[in-house]
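In order, the protein sequences belong to chains A and B.
The working numbering puts the first residue of the first sequence at 5, with every later residue one more than the last.
The working numbering puts the first residue of the second sequence at 21, with every later residue one more than the last.
Think of the hints as simulated: they come from the structure by calculation, not from any bench.
Be aware that a few hints might be false.
Unchecked claim - Distance condition first, Cα-Cα at most 27 angstroms in a straight line; then the derived BS3-like pairs of lysine-lysine:
#, chain 1, residue 1, chain 2, residue 2
1, B, LYS121, A, LYS74
2, B, LYS29, B, LYS91
3, B, LYS90, A, LYS30
4, A, LYS74, A, LYS30
5, A, LYS73, B, LYS103
6, B, LYS103, B, LYS121
7, B, LYS29, B, LYS121
8, B, LYS77, A, LYS30
9, B, LYS121, B, LYS91
10, A, LYS60, B, LYS121
11, A, LYS60, A, LYS73
12, B, LYS77, B, LYS29
13, A, LYS112, B, LYS29
14, A, LYS102, A, LYS73
15, B, LYS121, A, LYS102
16, B, LYS121, B, LYS90
17, A, LYS102, B, LYS34
18, A, LYS60, A, LYS74
19, B, LYS103, B, LYS77
20, B, LYS121, A, LYS73
21, A, LYS73, A, LYS30
22, B, LYS77, A, LYS102
23, A, LYS112, B, LYS34
24, B, LYS34, B, LYS103
25, A, LYS60, A, LYS30
26, B, LYS103, A, LYS102
27, B, LYS121, A, LYS30
28, A, LYS112, A, LYS60
29, B, LYS90, B, LYS29
30, B, LYS121, B, LYS77
31, B, LYS103, B, LYS29
32, A, LYS102, A, LYS74
33, A, LYS30, A, LYS102
34, A, LYS60, A, LYS102
35, B, LYS90, B, LYS77
36, B, LYS34, B, LYS77
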Amino acid sequence: SQQGEEDPQALSIQEGENATMNCSYKTSINNLQWYRQNSGRGLVHLILIRSNEREKHSGRLRVTLDTSKKSSSLLITASRAADTASYFCATRAGGGNKLTFGTGTQLKVEL
Amino acid sequence: DGGITQSPKYLFRKEGQNVTLSCEQNLNHDAMYWYRQDPGQGLRLIYYSQIVNDFQKGDIAEGYSVSREKKESFPLTVTSAQKNPTAFYLCASIGAGENEKLFFGSGTQLSVL
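Isolated chain A, as found in the complex:
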């Protein structure tokens, strides 16, 4: 079963605008990660936020985590055409190394 559900499923914005995508999950987690996937390629890790953290930044990326609502958001500021990709959240629960992925948001940044 998939732990996370991303929202929206698809997002189209103009270059320079901000893009926000959300992830909801079902069970308690140790950490939540965001990955990016270009079409037909493998996933690339973007950022990790632990369950005791509320916000984290990495370059143009900002991630928030609300464990009471079991949700996270990924904000990409000043988007570029090269940001066009699918973005997935993934959660780790318990002490194991098993990551469960959400359904993804397809982001298209137009010139």
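Position chain B against the provided structure of chain A, taking the given hints into account.
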């Protein structure tokens, strides 16, 4: 360069045939994973291995088999029992001290003839 290599990039399976997807890593990672991705969907875990000679079923293991005889290699066999094998297959690994992030291969697209 260090990384994960999946081969082949494209694979075709005839009905009733078993096919094996290769995954090799030179990152010295202990844990390796196989995920299946259907068009427009997320990743679903097929099998994972946390150490050599040990592996566990994921969420959709039926019709698949794996082995982990070497640390570097984690091949996935799609058996004839898997009735809907067409998908994009992704191999990943994770190592201690890597901040718990997965490293992915570039994937294998499997199609049925």
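How the hints compare with the structure:
no.: 1; hint: B:LYS121 x A:LYS74; in the structure: holds (20 angstroms)
no.: 2; hint: B:LYS29 x B:LYS91; in the structure: holds (22 angstroms)
no.: 3; hint: B:LYS90 x A:LYS30; in the structure: violated (35 angstroms)
no.: 4; hint: A:LYS74 x A:LYS30; in the structure: holds (7 angstroms)
no.: 5; hint: A:LYS73 x B:LYS103; in the structure: violated (38 angstroms)
no.: 6; hint: B:LYS103 x B:LYS121; in the structure: violated (32 angstroms)
no.: 7; hint: B:LYS29 x B:LYS121; in the structure: holds (23 angstroms)
no.: 8; hint: B:LYS77 x A:LYS30; in the structure: holds (21 angstroms)
no.: 9; hint: B:LYS121 x B:LYS91; in the structure: holds (18 angstroms)
no.: 10; hint: A:LYS60 x B:LYS121; in the structure: holds (16 angstroms)
no.: 11; hint: A:LYS60 x A:LYS73; in the structure: holds (17 angstroms)
no.: 12; hint: B:LYS77 x B:LYS29; in the structure: holds (24 angstroms)
no.: 13; hint: A:LYS112 x B:LYS29; in the structure: holds (25 angstroms)
no.: 14; hint: A:LYS102 x A:LYS73; in the structure: holds (22 angstroms)
no.: 15; hint: B:LYS121 x A:LYS102; in the structure: holds (11 angstroms)
no.: 16; hint: B:LYS121 x B:LYS90; in the structure: holds (22 angstroms)
no.: 17; hint: A:LYS102 x B:LYS34; in the structure: violated (32 angstroms)
no.: 18; hint: A:LYS60 x A:LYS74; in the structure: holds (16 angstroms)
no.: 19; hint: B:LYS103 x B:LYS77; in the structure: holds (18 angstroms)
no.: 20; hint: B:LYS121 x A:LYS73; in the structure: holds (24 angstroms)
no.: 21; hint: A:LYS73 x A:LYS30; in the structure: holds (10 angstroms)
no.: 22; hint: B:LYS77 x A:LYS102; in the structure: holds (11 angstroms)
no.: 23; hint: A:LYS112 x B:LYS34; in the structure: violated (36 angstroms)
no.: 24; hint: B:LYS34 x B:LYS103; in the structure: holds (11 angstroms)
no.: 25; hint: A:LYS60 x A:LYS30; in the structure: holds (21 angstroms)
no.: 26; hint: B:LYS103 x A:LYS102; in the structure: holds (26 angstroms)
no.: 27; hint: B:LYS121 x A:LYS30; in the structure: holds (21 angstroms)
no.: 28; hint: A:LYS112 x A:LYS60; in the structure: holds (24 angstroms)
no.: 29; hint: B:LYS90 x B:LYS29; in the structure: holds (22 angstroms)
no.: 30; hint: B:LYS121 x B:LYS77; in the structure: holds (20 angstroms)
no.: 31; hint: B:LYS103 x B:LYS29; in the structure: holds (21 angstroms)
no.: 32; hint: A:LYS102 x A:LYS74; in the structure: holds (18 angstroms)
no.: 33; hint: A:LYS30 x A:LYS102; in the structure: holds (15 angstroms)
no.: 34; hint: A:LYS60 x A:LYS102; in the structure: holds (22 angstroms)
no.: 35; hint: B:LYS90 x B:LYS77; in the structure: holds (18 angstroms)
no.: 36; hint: B:LYS34 x B:LYS77; in the structure: holds (25 angstroms)
Checked against the numbered hints given earlier, the structure breaks hints 3, 5, 6, 17, 23 and satisfies all the rest.
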